[in-house]
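Engineer: Here's the letter readout for the chains.
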Amino acid sequence: MTGFLLEAAQVLLALALAPGLVGLIRWMKARLQNRRGAPVRQPYLELRKLFRKEVVLSTNASWIFRAAPFVVFASTVAVGFLVPLLAVPLPFDEVGDLLVVVYLLLLGTFFLALAGLDPGSAFGGMGSSREMTVAALAEPTLAVAIFALALGAGSTNLGQIVGRTMADPLAAVSPGHLLAFAALFIVMLAETGRLPVDNPATHLELTMIHEAMVLEYSGRYLALIEWAAALKLLIFFALLGNLFVPWGVAATLTPTALSLAVGALLVKLVVLAAAVAIFETRVAKLRLFRVPELLSASFVLALLAVTSSFLLR
Amino acid sequence: MTDLGRVETALAARLRDGLSARRRVRGNELHCVAPRGDVAAVAGTLRAFGAELVLMVAADRRQEEGGFEVHYLFAHRENWFVHATVAVPPGDPTIVSLATLHYPASRFEREIADLFGIRAEGHPDPRPLVRHGFWPEDYFPLRKDAGTREFRDDGRPFPFQQVSGEGIYEIPVGPVHAGVIEPGHFRFSVVGETIIDMKSRLYFTHKGTEKLFEGRRPAEGVALAERVSGDTTVGHALAYCQALEALAGAEVPERAKHLRVVLLELERLYNHVADFGMIANDTGFAAAHSHCFRIRERLLRLNKRLTGNRLLRGGVVPGGVAMDLPADVDVTAEVESALADFNEIVDITLSNTLVIDRLEGTGRLTTGAARAHGVLGFVARASGLDVDARRDYPFAVYGELAFRVPVFDSGDVKARTLVRVEEARESVGLIRQAIGRTPAGPSVCRLGPLPAFEAAFSLVEGWRGTIIHWVMVNAGGVLERVKVFDPSFLNWRALSYALLKNIVPDFPLCNKSFNQSYSGNDL
Numbered sequence: 569m570t571g572f573l574l575e576a577a578q579v580l581l582a583l584a585l586a587p588g589l590v591g592l593i594r595w596m597k598a599r600l601q602n603r604r605g606a607p608v609r610q611p612y613l614e615l616r617k618l619f620r621k622e623v624v625l626s627t628n629a630s631w632i633f634r635a636a637p638f639v640v641f642a643s644t645v646a647v648g649f650l651v652p653l654l655a656v657p658l659p660f661d662e663v664g665d666l667l668v669v670v671y672l673l674l675l676g677t678f679f680l681a682l683a684g685l686d687p688g689s690a691f692g693g694m695g696s697s698r699e700m701t702v703a704a705l706a707e708p709t710l711a712v713a714i715f716a717l718a719l720g721a722g723s724t725n726l727g728q729i730v731g732r733t734m735a736d737p738l739a740a741v742s743p744g745h746l747l748a749f750a751a752l753f754i755v756m757l758a759e760t761g762r763l764p765v766d767n768p769a770t771h772l773e774l775t776m777i778h779e780a781m782v783l784e785y786s787g788r789y790l791a792l793i794e795w796a797a798a799l800k801l802l803i804f805f806a807l808l809g810n811l812f813v814p815w816g817v818a819a820t821l822t823p824t825a826l827s828l829a830v831g832a833l834l835v836k837l838v839v840l841a842a843a844v845a846i847f848e849t850r851v852a853k854l855r856l857f858r859v860p861e862l863l864s865a866s867f868v869l870a871l872l873a874v875t876s877s878f879l880l881r
Numbered sequence: 123m124t125d126l127g128r129v130e131t132a133l134a135a136r137l138r139d140g141l142s143a144r145r146r147v148r149g150n151e152l153h154c155v156a157p158r159g160d161v162a163a164v165a166g167t168l169r170a171f172g173a174e175l176v177l178m179v180a181a182d183r184r185q186e187e188g189g190f191e192v193h194y195l196f197a198h199r200e201n202w203f204v205h206a207t208v209a210v211p212p213g214d215p216t217i218v219s220l221a222t223l224h225y226p227a228s229r230f231e232r233e234i235a236d237l238f239g240i241r242a243e244g245h246p247d248p249r250p251l252v253r254h255g256f257w258p259e260d261y262f263p264l265r266k267d268a269g270t271r272e273f274r275d276d277g278r279p280f281p282f283q284q285v286s287g288e289g290i291y292e293i294p295v296g297p298v299h300a301g302v303i304e305p306g307h308f309r310f311s312v313v314g315e316t317i318i319d320m321k322s323r324l325y326f327t328h329k330g331t332e333k334l335f336e337g338r339r340p341a342e343g344v345a346l347a348e349r350v351s352g353d354t355t356v357g358h359a360l361a362y363c364q365a366l367e368a369l370a371g372a373e374v375p376e377r378a379k380h381l382r383v384v385l386l387e388l389e390r391l392y393n394h395v396a397d398f399g400m401i402a403n404d405t406g407f408a409a410a411h412s413h414c415f416r417i418r419e420r421l422l423r424l425n426k427r428l429t430g431n432r433l434l435r436g437g438v439v440p441g442g443v444a445m446d447l448p449a450d451v452d453v454t455a456e457v458e459s460a461l462a463d464f465n466e467i468v469d470i471t472l473s474n475t476l477v478i479d480r481l482e483g484t485g486r487l488t489t490g491a492a493r494a495h496g497v498l499g500f501v502a503r504a505s506g507l508d509v510d511a512r513r514d515y516p517f518a519v520y521g522e523l524a525f526r527v528p529v530f531d532s533g534d535v536k537a538r539t540l541v542r543v544e545e546a547r548e549s550v551g552l553i554r555q556a557i558g559r560t561p562a563g564p565s566v567c568r569l570g571p572l573p574a575f576e577a578a579f580s581l582v583e584g585w586r587g588t589i590i591h592w593v594m595v596n597a598g599g600v601l602e603r604v605k606v607f608d609p610s611f612l613n614w615r616a617l618s619y620a621l622l623k624n625i626v627p628d629f630p631l632c633n634k635s636f637n638q639s640y641s642g643n644d645l
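Top to bottom, those sequences are chains A and B. Taking the numbering used here, the leading residue of the first sequence gets 569, the next gets one more, and so forth. Taking the numbering used here, the leading residue of the second sequence gets 123, the next gets one more, and so forth.
A portion of the hints provided could be inaccurate.
To be verified - Here are the simulated lysine to any residue pairs, SDA-like style, with alpha carbons at most 20 Å apart:
{"#": "1", "chain 1": "A", "residue 1": "K617", "chain 2": "A", "residue 2": "L783"}
{"#": "2", "chain 1": "B", "residue 1": "K623", "chain 2": "A", "residue 2": "R858"}
{"#": "3", "chain 1": "B", "residue 1": "K266", "chain 2": "B", "residue 2": "T331"}
{"#": "4", "chain 1": "B", "residue 1": "K321", "chain 2": "A", "residue 2": "A690"}
{"#": "5", "chain 1": "B", "residue 1": "K623", "chain 2": "A", "residue 2": "L856"}
{"#": "6", "chain 1": "B", "residue 1": "K623", "chain 2": "B", "residue 2": "G483"}
{"#": "7", "chain 1": "A", "residue 1": "K836", "chain 2": "A", "residue 2": "A740"}
{"#": "8", "chain 1": "B", "residue 1": "K329", "chain 2": "B", "residue 2": "G269"}
{"#": "9", "chain 1": "B", "residue 1": "K321", "chain 2": "A", "residue 2": "S689"}
{"#": "10", "chain 1": "A", "residue 1": "K836", "chain 2": "A", "residue 2": "M734"}
Read the hints as simulated data drawn from the structure, not as lab findings. Owing to the predicted nature of the structure, the values given are computational and were not obtained by experimental measurement.
Could you put the whole structure together from the sequences, leaning on the hints where they help?
Structural biologist: Below, the structure written as structure tokens:
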């Protein structure tokens, strides 16, 4: 029972932290660019504003357009139940493994792409087409990179992968782990629409990927999509943090261990946010047709990770 | 000016009735009246000498002369001009088209047809250019008797070129954009992500600027000229004032000529710095953008110290300048320090391989296409055309100052970026020289009476390219007709050619590297 309560608590924590994480990255980037930047709480204010605003729907929009925000939000929240944020093992570990995680994320992407096409605007279709190109290359890398870890753990269960690395700290610096980390970091940038693949700060419709798909959304629908996108970013950070550097994740459900786990999670999120902010400040956006090259490279990294994990098992 | 004498002889020999009302003005201008049917012969003769058509101006002179006038301005790189005037009877408002001889003529003729109802016979593409779909069919706003009319949607679709075929689709963008920019509609025909055609529909901002000049006193026109395009305050004000001074035959004091160079180069400098930042920002390299805007802000504050206005308004006045170098600020040191700051940002940005990869080979405008469209300014210089009015038609004291005109051949976004960087550096050198040589003395002179119904013009190399103002006053000494030409009028069209075979997400970058004015294009 405690386990289920903890699952619920961890998802609520993730939902609460996610907008702040986006705000933190934006603020760090602003400081790095010699700007004062909006406060970290800005995304919360934006969400509150959007939830209060009326929804404007295109007359061409069908039920897909109205359903998509809920599907995206629900699937991302569901993923929140399946990834180890604070403690392992948890009861939902039995419900879904890494394959479920990967395809739940893809389900959200799929519906967003459909919703981009649905109102028939040129930008939405453009964004959907680009998002599918990126997703088709990113999803396999995501799965294969986590497979590299699963090979070591002998299970595709994310909780068990974390547990196994905690039990065998040396595994964290094995070639398989490091290569998989690099691959997953690139995939994270692509999947969450960050530089050098997509530019979350641009106002130029023609260069957008993620933003182009959601251009037609407004009000609470947009709030749900933005919130889900922030949650997705947090989940990727948590995967990067906890799968590769699992220390701090609670193995027992004692208050001390859990508060330590929350602290560790916060530290990992801040460190990764800083890494992304610095990286995004130093790079420019890739030419669209170079993105597949980057993602192919990440796929090769993931493949090497699996190979080395298999050979060094 | 032996050359101009030969031109005059050749022109007179070529035309059946010869040239009438021939006169030399200011040593290097030949003004004449040509028969309406002989315009092509005039243009052909001048082309043989290497002179190009740079401006066409129509004027409604029905009250005094009983008809319209169309003026043709030809310019030669060796700094001489031929200004030919053609009378157009109101009963048959047509002229002979020069569109197939000079591309700029095709644009001017379409503009004149829309605004004056003077059609160009033999124009290969007589579609409306400036005319808005809401204007009544017989409404020609620059005619003296145009008045105000009811505007109503005529229901006709805009005649975009349709491209059809397997997998080709259209992306309409604008005229309302996500950023705070002026209105323009761009329609892309695309295969996958590759642009195979782009048609721009501009002219959403017809403000009647040229009409607003009419009836004002010449000195009042300066404020209007300064607002033709907000970022080209000095360029347009200087062209306008120089045209008035040419008309009056006034000799501007040396001090004013030097300070005008300082103002014009300050304008070039802050715009090039800002553009560099915005080009970097469009590649996603936002750090360079915020630093360039910091430097721009520094320069704008300096502008305010000089003229009391961040955009340098009020600096240039007819007969001189209405500003002085501040005693407590070392302007040279300040712009040199800003340039050192800028140079550092440029080095950091251009040593980033990801940024360079986005700039190189993107939006290539070939030298041939650039020459064919008569493009001007940094767009021309990035495509291998060595043109710069500061050197070719020296004004103010540019003839006495040393500066390089940077020219790049590749014609891509990178070239247009590098031209800006080089020009910013040259601008600082020009400011240093001009301030160092500024003599004491008066900084403004009285213009004196302006001769009625005579044409005068002036060319100025603004930061975007060559600006031309053409003025005429009436017997009462108020403005009869002012024609404003911003280089955007010719450069916009070339953007479509630079885009061919590029990919859609690179359009904003190409567009930014052109950065043409909507407002200066659509007066």
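Engineer: Quickly compare the C-alpha distance for K266(B) and T331(B) to 20 Å and report which way the hint goes.
Structural biologist: With Cα atoms ~14 Å apart, K266(B) and T331(B) stay inside 20 Å; holds.
Engineer: Tell me if the straight-line CA distance from K321(B) to S689(A) falls inside 20 Å.
Structural biologist: Measuring from Cα to Cα gives roughly 19 Å; hence the hint holds.
Engineer: With a cut-off of 20 Å on the C-alpha distance, tell me whether K623(B) and L856(A) pass.
Structural biologist: With Cα atoms ~14 Å apart, K623(B) and L856(A) stay inside 20 Å; holds.
Engineer: Is the straight-line distance between the alpha-carbon of K617(A) and that of L783(A) 20 Å or less?
Structural biologist: The hint holds at about 17 Å.
Engineer: For the pair supplied as a hint, K623(B) and G483(B), is the alpha-carbon distance within the 20 Å limit?
Structural biologist: Answer holds: K623(B) to G483(B) is near 11 Å, not above 20 Å.
Engineer: Run the distance test for K836(A) versus M734(A): straight-line Cα separation, threshold 20 Å.
Structural biologist: 16 Å, holds
Engineer: Quickly compare the C-alpha distance for K329(B) and G269(B) to 20 Å and report which way the hint goes.
Structural biologist: With Cα atoms ~14 Å apart, K329(B) and G269(B) stay inside 20 Å; holds.
Engineer: Has the given pair, K836(A) with A740(A), been kept, meaning a C-alpha gap of at most 20 Å?
Structural biologist: It holds: about 15 Å lies between the C-alpha atoms, which stays within 20 Å.
Engineer: Holds or violated: K321(B) with A690(A), Cα cutoff 20 Å?
Structural biologist: 16 Å, holds
Engineer: Assess, step by step, whether the Cα of K623(B) is no farther than 20 Å from the Cα of R858(A), and give holds or violated.
Structural biologist: 16 Å, holds
Consistency note: the structure conflicts with none of the earlier hints.
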